[in-house]
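Residue numbers (UniProt numbering), protein chains in the order written: chain V, 1 to 267; chain F, 1 to 787.
Each hint should be verified, as a subset may be incorrect.
[As the list claims (entries may be wrong)] Interface residues of chain F toward chain V, partial, derived using beta-carbon atoms under 7 Å:
(1) Glu649
(2) Thr650
(3) Asp708
Read the hints as simulated data drawn from the structure, not as lab findings. All residues carry an ideal CB built from backbone N, CA and C; glycine is no exception.
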Amino acid sequence: MYAFSYHQPKTVRQAASLLAKNEDGKILAGGQTLLPTMKQRLAAPPALIDLSKVEGLSGIELKGRSLVIGAMTKHAHVATSEIVRQAIPGLADMAGLIGDPAVRNRGTIGGSVANNDPAADYPAACLALGATIITNMRKVPADQFFTGLFETALEPGEVVVKVAFPIVSKAAYAKFRNPASRYAMVGVFVAKRGSDIRVAVTGAGANGVFRATALEEALKKRFSPKSLDGISMPATGINGDIHASPEYRAHLITVMAKRAVTAAIGK
Amino acid sequence: MSATGIGAPVRRKEDFRFITGKGQYTDDINRPGQTYAAFVRSPHAHAVIKSVDASAALASPGVVSVLTGQDLEADKIGGLICGWMIHNKDGSPMSAGAHPALAVGKVRYVGDHVAVVIAETFAQARDAAEKVMVDYDQLPAVVDMNEALTGKTVIHDVAPNNRVYDWHLGDKAATDAAFARAKHVTRLDIVNNRLAPNPMEPRAAIGDYDSGQEQFTLYTTSQNPHVARLVLSAFIGIAPEHKLRVIAPDVGGGFGSKIFIYAEETVCVWAAKKVGRPVKWVSDRTEAFLADAHGRDHLTHAELATDERGKILGLRVKTKANLGAYLSTFSSSVPTYLYAPLLSGQYDIPAIYAEVEGVYTTTAPVDAYRGAGRPEATFVVERLVEVAARELGQDPVAFRKKNFIRKFPHQTPVIMAYDVGDYTASLDKAMEMADVKGFARRKRESARKGKLRGLGYSAYIEACGIAPSAAVGSLGAGVGLWESAEVRVNPVGTVEVLTGSHSHGQGHETTFAQLVSDRLGVPIDQVAIVHGDTDKVQFGMGTYGSRSGAVGMSAISKALDKVIAKGKKVAAYAMEASEADIEFKDGRFSVSGTDKSLAFGEVALQAYIAHKFSGQELEPGLKEGAFYDPTNFTFPSGVHICELEIDPETGVTTIARWTAVDDFGTVINPMIVEGQVHGGIAQGVGQALFEGVHYDADGQLVTASYMDYCMPRADDLPSFDVGTTSTPCPSNPLGIKGCGEAGAIASPPAVINAITDALGHEHIAMPATPQAVWLAAQRRLPAIAAE
Ligand SMILES: Cc1cc2nc3c(=O)[nH]c(=O)nc-3n(C[C@H](O)[C@H](O)[C@H](O)COP(=O)(O)OP(=O)(O)OC[C@H]3O[C@@H](n4cnc5c(N)ncnc54)[C@H](O)[C@@H]3O)c2cc1C
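Kindly generate the complete structure, drawing on both the sequences and the hints.
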């Protein structure tokens with residue numbers, strides 16, 4: 001780790017102004033991504049702006065037909081929250097599949113969406129559920145938020161404050177874990193709200209999380225795993241590495257989508 | 001059996017210290033005035049070092065010194081050694097390239113040591129290490145053994161085709177004749193995947209120099225501190241042995257990787273004198289992946305010849321063993337004498353011929369890793385036997401039983417003389433425990449769920465208790481492989497045992513104390529086991545090759561015999577009886593035929609006060625030492641059965657049941673033995689399903705962190721059913737065979753035999769990752785549809 005200055009703002013406004021003042025400064029949330037990269041000397045932010053003392057950034061509430069989760073809410077909290085389990089059980093299940101207990105008790109939803117790791121789980125949930133990412137400046141629909149590998153629509157100085165998920169009738173996540181890292185090698189989140197069906201895929205896309213429209217179209221005819229029989233996803237634009245070739249990942253997308261649909265129907 | 005004696009499942013005495021964070025590992029130790037070392041490591045797999053410019057690093061805050069290979073040479077510090085000479089088929093010695101602790105002229109793998117930066121803090125050392133400017137001229141990387149053997153790129157000038165040796169064992173003519181006679185020949189091409197050892201505690205070292213006494217001290221993570229001292233003194237030339245103390249305190253796992261004498265500790269202890277202050281280095285996990293010696297990495301073509309009834313006639317093996325960029329301390333012996341002599345397995349094989357080429361590549365050195373050579377041999381034998389049975393349409397169990405060795409002692413065609421064993425007993429017991437009878441029903445149930453179920457056997461043998469010194473000497477070892485012990489009885493009857501074995505997870509503080517408690521009748525908490533310090537223990541060969549029970553405890557046993565013999569003399573004087581009338585039982589010396597007796601502690605006191613005898617008659621005190629040199633290897637054996645289920649849609653393999661029946665001879669502590677078996681199976685399953693070191697074509701290590709190197713986790717494994725049979729070892733006083741590596745040796749072929757059983761074909765290599773199994777299942781699917 002290289003030396004850096006450390007700031008502990010009390011409000012989002014202070015956090016934003018500290019970000020503005022400290023060029024290349026970084027927000028510190030759960031630190032589960034940022035600190036390991038700093039320790040390995042792969043990242044060297046000159047300033048860390050720690051959100052842990054900012055009031056009101058953590059918490060889960062139902063607001064009308066929306067489930068609203070504060071940016072600093074830990075994965076473990078989402079996984080075990082009664083409110084989430086009632087409103088969108090598939091989202092609680094997904095949070096329970098992130099990393100290990102230590103990671104879930106430190107890592108946050110805000111950090112996960114802001115980081116947009118191409119193998120992270122939350123981006124798939126946000127995209128499939130049609131979430132809105134609420135920042136200190138604006139509201140960004142998930143469809144416009146995740147723009148590429150570790151890339152988001154966040155502007156310099158912008159802070160994720162909360163994420164709002166519309167309540168859907170059926171939703172579930174099926175994750176094929178990378179055997180080594182246990183991040184998603186292929187994760188598919190399926191959601192059905194009325195006639196609107198969305199299927200989001202993480203871990204596989206060479207450009208990060210994406211919607212599998214071919215699968216969505218098939219499921220619109222009938223929301224059943226059988227509807228996906230025989231649909232093979234193309235391997236173009238899909239990641240390959242030592243763990244999985246693009247062909248294998250593409251194959252797993254359909255398999256995981258079927259499993260997610262089966263689980264969603266069961267909820 | 002007493003509650004703490006031999007055979008009792010005594011809770012580990014050392015665990016309270018470890019689980020309450022009170023262990024003293026090398027990194028817990030800090031010396032006054034200590035500095036910190038960071039190594040500048042090669043980013044290239046293969047390159048000429050044109051120049052090293054340390055000026056910016058030297059100007060960096062807190063930097064004390066920057067040292068390179070030139071400085072080592074100037075101080076006449078020798079290179080790292082390989083302690084086992086292997087000879088080629090033609091009798092000429094192997095081609096071993098120089099292995100300087102800091103590179104001279106060339107770097108040969110990513111992570112190779114180029115320079116060391118020593119600074120006031122660890123962070124300053126790392127900061128400055130980034131400022132050492134090394135000008136490299138890149139050379140091609142050679143990762144693949146077949147490519148290396150073409151010699152297009154030469155790694156060491158002494159080995160023009162990158163061939164370290166071309167070695168063989170066995171009778172070629174007899175084996176060829178057996179194949180000529182054969183009715184059937186089974187052929188397999190086998191990859192034994194390269195593994196990273198991953199002990200929980202990374203390596204560390206502190207070099208310290210006392211200029212008043214001209215005395216060096218090295219604290220280090222070693223499995224064999226005396227061997228480290230011997231090598232650092234006699235070969236590398238740091239200091240004579242009496243001026244070098246090596247301390248290996250608590251060590252958090254080794255699996256072989258901490259046997260070797262590495263560059264880092266050599267540099268720390270040498271640099272301590274140069275900079276006049278202690279020098280500490282602690283590896284981080286990335287460095288551990290890059291520079292700890294790896295294990296396995298064989299390419300093998302193997303053939304098994306059988307007659308018309310399925311009797312094995314002969315076995316032929318051609319192996320290429322990747323030794324990495326330099327020969328590590330014992331690397332040359334692992335794919336040769338620790339491998340080929342095990343190729344007879346549990347079977348009566350009249351003719352065996354093995355050829356092994358050791359190959360240099362631009363990768364990290366490869367050396368002994370849990371099992372060392374024996375897992376590789378067992379994998380070859382147990383895959384061949386399984387596939388041969390299948391090809392012949394015979395039941396794999398019946399095929400094995402037909403070929404089992406049944407008469408002991410048994411001389412194999414490849415050096416080993418098996419002393420005892422009952423292979424059928426382990427197999428029958430394992431089949432019973434595994435409910436093999438119910439397998440067909442379970443397979444049908446799996447099929448109904450769309451899953452493929454398989455059952456795989458592994459009947460392994462290994463050679464432990466290494467080793468008779470004369471035998472290994474005749475095979476090229478640079479050392480003898482005996483063990484030493486000293487038993488010091490204090491005047492109050494408490495006991496200290498100094499042992500040359502080293503515990504780094506094995507639980508010696510408990511098992512060795514059980515032996516003492518059993519033999520002397522003293523409570524186990526009055527026995528202290530002292531190890532890991534060359535100033536305390538006179539000498540020892542350390543812990544590896546499952547030798548601490550069979551060899552280390554045998555030395556203690558011998559010393560205990562002497563203590564009891566001396567105790568009888570003291571008791572005779574104390575009770576005014578004839579020595580011949582003194583009996584020792586349950587911790588009391590008594591005069592036979594009388595009610596006169598003294599407790600062990602009372603006799604100890606008599607020995608030290610020496611009032612009842614004069615020094616002319618008997619020396620005061622009660623302290624005895626012994627060196628024990630084994631007369632044979634020991635041969636643990638057993639059968640593991642793996643039952644698993646494959647999801648053909650994803651390729652995920654789930655181990656459903658695991659049964660292990662091992663014959664370890666005498667068991668000192670069944671709980672600790674079971675723990676050793678559990679850990680071994682986990683590592684073996686790791687090799688079979690998850691682990692694999694991967695270098696890309698440029699020689700960059702892709703699996704340099706846990707993001708890509710897959711370790712087995714608890715939830716990857718079922719609860720194990722572990723049982724034992726016992727044919728006590730006749731060659732050592734306790735009947736111990738050794739249990740430390742068995743699980744890792746037995747399990748990989750059990751897994752692969754089960755996977756291939758489930759798939760219905762043999763086309764799968766380790767690690768059988770989900771992707772590999774999925775691909776293999778694709779071949780199988782049309783067949784299933786047809787069924
Ligand atoms: C061993 C391990 C396993 C893991 N496994 C998984 C897994 O299976 N699935 C998965 O999805 N993730 C996994 N993770 C990642 C984990 O979920 C992290 O919590 C998450 O990626 C980042 O969240 P964080 O709160 O730790 O953010 P930090 O590490 O603190 O920050 C990450 C990045 O986001 C920025 N940031 C943080 N909060 C905000 C905000 N409110 N507004 C704007 N920018 C912000 C930071 O500046 C930084 O660039 C794993 C991590 C580890 C260490």
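**Report entry** Interface hint outcome for Glu649(F) [beta carbon to chain V under 7 Å]
**Finding:** holds, 5 Å
Query raised in the report: Does the nearest C-beta of chain V fall within a distance shorter than 7 Å of the C-beta of Thr650(F)?
Result: holds, 6 Å
**Report entry** Interface restraint verdict for Asp708(F) against chain V (beta-carbon cut-off 7 Å)
**Finding:** holds, 5 Å
The structure is consistent with each of the numbered hints, conforming to all of them.
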